[in-house]
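Novice: Residue-level listing of the chains:
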Amino acid sequence: SQQGEEDPQALSIQEGENATMNCSYKTSINNLQWYRQNSGRGLVHLILIRSNEREKHSGRLRVTLDTSKKSSSLLITASRAADTASYFCATGNTGTASKLTFGTGTRLQVTL
Amino acid sequence: DAGITQSPRYKITETGRQVTLMCHQTWSHSYMFWYRQDLGHGLRLIYYSAAADITDKGEVPDGYVVSRSKTENFPLTLESATRSQTSVYFCASSERRASNVYSNQPQHFGDGTRLSIL
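The listed protein sequences derive, respectively, from chains S and R. In case it helps, our numbering puts the first sequence at residues 872 to 983. In case it helps, our numbering puts the second sequence at residues 11 to 128.
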C-alpha cells in the first residue's frame, strides 16, 4: 500500500516560477526523502529530511516537514525547463530499517 | 564506471517464459532492492536484500524469485511470466548505517528494464 500521496498529480508552470508539491503520509517516519525521475530514467535522490527537522534547503530546493500533520512539501524556486520531471516523496518508516515507501508522484512540466 | 547498472534495458517475452533481470552495483552497498513501476501505482517493492544470502519479500513478491550470492549482484527472475508482470523494473541500492535512528538511507537507482510480456 502507498504510504505517501503527492498532490497535485500534475503541475504545469512557466520557467522562472516556483513549483510546490505536497506529500502526505500515514505512519510514523524516521525520515522523508524526495526523488526526481526524468523520462525513461531511474529515480535520483534530491534531499532527505529527518523526523526531528522542520525545514531543509539544497540549492533551489526547499523541503518542509510537519510531523503533526504527517505532511511535507517540496518547493523548487525559479524553475527551469530542465526541472521537468516526476517528483516522488518516499518515507522511511520506524522499524523498517532500510526500506522506503514511495508515493505515486507529481509530474512537473516547466515551459519556456 | 561506478554505479548501478541494469540489463537488459528492454525485453519482450511471451507468457510462461522464464526471464531474468540483472542488477549490478559497484559501491558495495549492503542493501539492494527491486521495484516495479506502473501507472497509477508509483513504485512498489518486490524484494529486497540486506546482505549477501539475505533476502526478504516486499509488497508484491508473488511470481518473482531473487538471489544474492554476491554483494554486488541481485538478479530478479520471473519464473513463468504473466501479462500482469509487464512493467518497468528498477533496481536500487543503499548503504547500511550503524545508527538505527537515522536508517532508511538514500537509494541509488538504475535506469530500469522495460519488460513487455505478450
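Keep in mind that the hints were calculated from the coordinates and are not lab data. These numbers come from a predicted model, not from an experiment. A hint or two may mislead.
[Unchecked claim] Computed footprint of chain R on chain S, listed as stretches where at least three residues anywhere in the stretch have a Cβ under 8 Å from a Cβ of chain R:
1. 893 to 905
2. 908 to 919
3. 948 to 959
Beta carbons: idealized from backbone N, C-alpha and C, even for Gly.
Novice: Can you list which hints this structure breaks, lowest number first?
Specialist: Result: hint 3 breaks, nothing else.
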